[in-house]
Every structure is written in C-alpha cells, then in structure tokens.
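Enquirer: Model the full structure from these sequences, guided by the hints.
Sequence order for the protein chains is A, B and C. What the first sequence shows, in our numbering, is residues 26 to 342, in sequence order. What the second sequence shows, in our numbering, is residues 299 to 498, in sequence order. What the third sequence shows, in our numbering, is residues 10 to 355, in sequence order.
No lab work stands behind these hints: they were computed from the structure. Hints are supplied without guarantee of correctness; some may be wrong.
What the hints assert, rightly or not - Below are the DSS-like pairs computed for lysine-lysine, each with C-alpha atoms no more than 30 Å apart in a straight line: (1) B:Lys309 x C:Lys330; (2) A:Lys120 x C:Lys55; (3) A:Lys133 x B:Lys320; (4) C:Lys330 x A:Lys324; (5) C:Lys219 x A:Lys120.
It should be emphasised that the depicted structure is a prediction, and the values quoted were computed from it without experimental measurement.
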Amino acid sequence: MSMINAIVAAVEQVTPLVKHFTFVKEDGSKLPPFSGGSHVVVSMDIGGRVHRNPYSLMGSPEATDAYHISVRKQENSRGGSVFMHEHVTVGMPIKITYPVNLFSLAKKGHKHILIAGGIGITPFMSQIADLNRLGADYEMHYAFRSPEHGAFVEQLKKSCSSRLHCYIDSQGEQLDFKALLGDQPLGTHVYVCGPSSMVTVVLETARNLGWPERHIHNEQFLSPPVGEPFNIQLAKSNIEIQVPADMSMLEAIEAAGVEADYLCRGGVCGRCELQVLETDGAILHNDHFLTDSEKVSCKKIMPCVSRANGKRLLLDL
Amino acid sequence: MMERGYWIKSKPIYTSLVWHEKATSHLVVAQGQGGLAAIKLFQQMHPQQPVTTLYEHSDIDANFAITLKKVVPEDLHLLKSEQEVVSLLKRIMPTKRMGLRIYVAGSEGFIWAVAEAVKEFGIEDADIMKELTGTLARSIYCVHCKAITHNITTNIGKCSSCERMLFVRDHFSRHLGAYMGLMVDAESPGQLPEIEEIYP
Amino acid sequence: MASTFKKETFREDYTYSNSAEAIKRFPFPFPEDQYMYSVNIEPHVKGKVGSVCEFTFDVDEHYVAECLDKKITLEQDPGRYQALPHMMDAQWDFLELTMESLSQDYPQHFSLNKNGSVWTWENKPLGIKDTFTFGDSSTLAMEPFDYMGRQVQGDFVLLDHREETLFADAGIVTSQADWSLAFNVGMSWREWHGPVPRATELGVMDRALKHLLNLQFGSPVRRLNWTMTINPRLDTSPENYPQWGGDRNAVNADNVSDLVHLRVELQTLFRLPRSNAIMFSIRCYLINLKDLSTYSRWAKRLHRVQKTMHPDLIEYKGMTKFHPLVVDWLAKFDDGAALDVGTHAE
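Expert: Okay, structure coming up:
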C-alpha cells in the first residue's frame, strides 16, 4: 500500500484530553487533495511494534500544504493514542496512508444535519469546509462534556456561525434527537460521529421516524479490542502465528512479515476480509462490515478488529 | 441483436402496497385500477400518522372513487388527469417532512410520472413503494430519435416520432421512466420478426 | 509515443490504419487459449516504454483524428455528454487529473501553468490555449469535464460513490461498444450491468464492485475488455445502430480480414480526490485481422479463443453473423502447437 512520508510540523494541546497534530510532506511538496470526511491511517512504531490508527482529516480539503488530525487520549487503549500524546513531537517523521473517505457527504442531499459527540467532531471539520464551499444548507449539533472539553468551538463558531448548536452536558444541556429529526424538510441527510451510545440513539431515532436508510450516515471506527491470545494458521504462507492479547490479528499477521490488505483498520471498510477455511472454535466478530448471516456462517473474518477463541483458525492467506 | 442472454437487473421492482410502520406521515397516490390497491391498503390496520391520498380516475373507475370516499377518513383528493396529480404533488410536497412515506399504484407510466414529480424534493424512486396495476403496457425510449412512446403492449413497437420499428429491450431507465427501444430491422431492412402482444 | 499524428477517418471512407509501430504495441487481450469473462483487474502502474500503459493516458498516432471524430459525434448528438448537477467537484477532479498527467507525460505536446487558482492550459496538437480559474466553470467555454473529455482519446464516465454502490452520474461517450449514455446516466452499478450475460450469474460484477468501492486515490487500476467491430468505426453506439448495423452483412470470406476489427478497450479506474468519485476511462484500440496476423502468435491465439467461445457471448458481442468467417480465416495460422501463457506478440 502506498504511503506518504510526512513530518510532524506542529503539536498543540487543545483540551485536557485532545491534542492536535499538523503534518507536512517530508519533501516539502503539497499533500493530495481530499474530500470532506476523509481519514488517514497513521503508522506508529511503538517499541518495535507497528501500530496503525485511523484519524479523520480536519483541515479544509482545499488547503493541502498540511494535514491536520486530532487525537483524544484513551487511557485504557492499547497505546496508540497514548503514544501520539506522549511521544510524538515536532520534527518527527511519520508515515501516513493516502486519504480514504468512508464518511462522505451525500452530494444530492438538500440539507445536512451533522451530529457530533466529543472527539467525534473531527470528521465534520473538513465536511463543514466542503459544505461552506458548496453553499449547502446544514446544521452542526455538537455535544460535549463540559466547557473545557469543547474542542474547536471557537473555530466552529467562525466557520458555522448560526448553524452551530452546542450542548454542554455539565450545564444540563441535552440534545433532543427526536425533536431534531422529527421536523426536517424532505431531502435531509443526518450524519453522526461520537460515542457508540450516541450513534445508536441517532440511528434508532432516525429509523423509527421513517428516515430512509440512505439518508442516515455514521462513522464509528473501532479500536481493536483486547482479548485472550489465540493461534491462527495461514494456508498459503504455510505458517502458524500467535495473536497476543493486546494485538489484533491483522497486526500479528503483519508482524510475522505476511502482507495483508487493509484500509480503515476499524472494522468498517471490508478491505482486509479473509476467508476462513477451517475453525474449531467461535469467531468473535467485532466489525461493522459483515452481515449478520455472514457472521453466523463463520466463513469470513475481518482481522483488523475480530478475534477467535479456538485452537485452530485456518485462513486463506 | 442482444435479445438473448439478457438479464433484467435494471427492471424496477413492483410489490403490493403495505403501510410502513415507521413514518411521520403517509402519501398515497393512485390512478385507475390502482384505486383497488389503495382501497386494499386502507383495509389494513390504519396508521397512526396523518395520510394524504390522491386518486386520479376516469368514469370507468368511478366505483373505486366511491369506495375510497367511504374508507379514507380525511385528506382525500379526487383528480381527473395525470397533470392534476403532478401539479397537486408540487404544491403539497414542500410542506412534507422527513419520515413521509410514499405509496403509488397505477400503470407503469403513471408510477414513473409520480416518481419524476417528487424527485426534485429529494425523494429517490427506491423510497417509493410501487404497485403495478391494470396494464403491463410499457413506455419505450427510442434510442435513435430520443422520443418516448407510451402504451406499447407488443414485443416490437413503432416509434411515435421517427416511425422506426423498435425491439423492446428488458433494460429500464428510471430517469426516463422507459424501456430501451432499438431498431429491429437495421441489419435487414423490412424483415420483422412476428409481432406478439406480450405486455397486455 | 507518436511524434506525428495521422490524418484519417473513423467513418464514411474509413481511412484509419495502424503503422507497424502501432501494430506492435497493440494491447492484445488474450493470455490464454480460452476466454472467460472475468474481472482481471490489475494496478494501473507504469508499463514498458512504448507500451499503451507507459503513461497514465496513452496518446498515440491516432490522437488528433480521434479527437476530431469525437467532436463530430458530439455535434451530431449532444446527448453523448451528460453530467448531473452534483458531479461538479468530480468534473474539476477530472480536469486536474488529465491536465496534470498529459503535461507531465507529454511536455512536447501539452503544458499546464498554475498561478494560484489561475491555470493556463496549452494543447499544441489541437491548437488550444486557454486561461481559466480552477473551480470556476464560468471561466471556461464549456463544463470542465466536457472541455477535457474532448482532449483525451477514449470515453469517460464519472461514478458517484454513495449507498455502498457506484452511480454513473456523468459521462462523455463517443466510442462505445453499444451502450447508451443518455439511457444509462444516473444508473447504479447493478442497473448498468444488467445486460452483461453470464457475468451476474457468476457474481463477477458484485466482486468487481466490492473491489472498486475500496479503490484508493493514488492507486488506479486497469483491465482489458474486447469485442469485434466491422470497419474501424469508433461510434458503434445504439443511437447510430441503423447506420452501422448493416455493415455486418457485408462481411464475406474475401474481405473478412480487412473489415473485421478486434476492438480492445483499455479500461482504467481512478479514485478522484475532492469528490470521492471514481473516473472510469474506456480507451478503444482497433486493429483489423490482417494487421493482427502480422504476429502469428496472436493469430493462433485468437483462433483458439474464438473457436471455443460460448454462443451467448458471441451473441452478446453482436458477432453471430460473421463469427464463422473469422474462425475460418484465422484457422490457417493455427498449426496446433502449444502457446505459452501471455499476450506478447513474439
């Protein structure tokens, strides 16, 4: 997979938990243009082990001198966000993928309702730039814990002006999803990014009100969950690999030197799908990609986030 | 050419009308024989949300209109032509909100005229429940002169504009609301296969 | 790459011909003796020097004549260009990709100068020089996709990516193998591929779609497709079928090698950055059987492929009438000796 060699140009503490990173290209040339809602996968070498995490691009898709991402420190994570917060400094080289968009705006939409919770604001930053450029009708609804956790509010006030609606939990402000989605003109699309509880409520509310599925959009990258160690066998490469508790299958496969396809590494895009040839245990599907019937059939697995609990899991790789 | 081995993935899907449980409001649009489909719909458990009904018919289908007046509790509009249906739709659609569910019953030509009329309000044809009633007659797009000829019931039909004899392909364009018609005797002028009624 | 462009026609008197160099670089599509419809997608990376894949877009000796033929077709039928309103970002993506690639790969013919968002484009072979503002359609004489679509050989379709599928929401199509843009515009992947026989049955189209939905910016892909055309005619559209359909009756044992052309499409697909759309390019190469038989390996292989073709595919490709003549003519080249896998000429 082609990667971009970048350098960290700036690091900024935005809220007590969120840091903002600016990347420029190592050779000083412009980065590729992208579309609102895109993300890149950032590679990190943590103690000899490569972590790859997806982060939304926040800047304006027009300004390609630099890319911008923001990372919320997840204390109980496997280390990617902690590494970004504690070890990534200005001047460091860093490898990123080309932008990929799994959360694009519906270009035929007549109106766009954007709903963010906390760090879920990041993909909307570039979408807002696109919506402003296109002169589109939209509303930005942004919920966060307390005033000091409201990342980028000042920036949003400038770019969205009266289209911005903030809901500060510590001040008792609640977003009434049913009232919001129950009275929108035809042709409206809703987009949500935030904690999974919020995503679930928005999806359910829209569906219960009779919104067509094509008008409902969400982005929810999963971190590979920590689990029990297990072993996998690769048929084509003819090797056996142990997947440690705090590593994903995909990471273990890569660490063993076997090349595997991937894009989002968050259980969304489907690119890393592998065929299961034999298994003697259960597959712990954690992805949002496979259908329920595919999950039950145990013939496919998404190694970026899913795990297994048997002794044998023979994969077509 | 290309008659054989043609798959029909592009053909639209028509079903029987049933209420969507999840909705904020409903819009039923029927024509002619489609009146019966609308009556059947109203015999199902009535939805809690408001329903608007448009029915266009001629004298032949007056009985359906009489029954509809009995079974539709409110907001029923009886209309005399497709143009009246389209212009009423253009008036009421701007007042509708997300969660509106649309149900259409009638001839294929009517169904796609309604789909076209509501398109500008952000409604995709896949969001419309459609029941094909009465005739199977097709609208044919002449790929050569671009005219659309309605009510073709045969495997081969004459283009109303350029008068070429057109073979009706099972390939449907939603934006034109018509099947593709291709000159049948271009390779051997005047030699026509047997013309049969297959879309009665 | 040709340094001179031929004056030739793709209609009426059909003066089109291939030079020895053009024959040698012809993208012969059959690596094996049997043909199966397959996705056969590979990365669109730089090919060998002189090959049709040497550059992002191939500009060959037919460039000027092909662009002229395209202009005639568009004048006669403006419906060959379609772009739905939400595709404007994709239009500018297309303009940028074509201008940047052509000026980089063929600096002797094309140049692009950028002064902020004010760009100056020069196309020497076609005698075009324009200055415009990137992103502002009012500064070009026509829509950006139309403008550059006329300056690159081949057909182009811009696919919008939404609802887990692709929609053919814009196109400039003048050298198609019998499909109508005016009819197909706005169709989803499945509706569009409705007519391909046997392919849906095999799930080929679903697999191809899954692959394309994950197509990444910076990693374009390509595949070859083929059919046969009577006369070197680019515009074998359904629109003009009454004009060319009858040509199939003219094929006989004496003229088959002059009239019947192998028509190969080099299809390339690019993810576009600003719009997240996919650009589908279909570039058509034509060669008559006589020129193709310059290389006996190709003639042998083509004979075997045609002899074993499924009748449904022969019919789908519109070859039923003249197909036996093609097989008969090619038979004399086939000594039955085994051929190694690959599309090479010698």
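Enquirer: May I ask which of the numbered hints given earlier this structure violates, with the numbers listed in increasing order?
Expert: Of the numbered hints given earlier, the structure breaks just one, which is hint 4.
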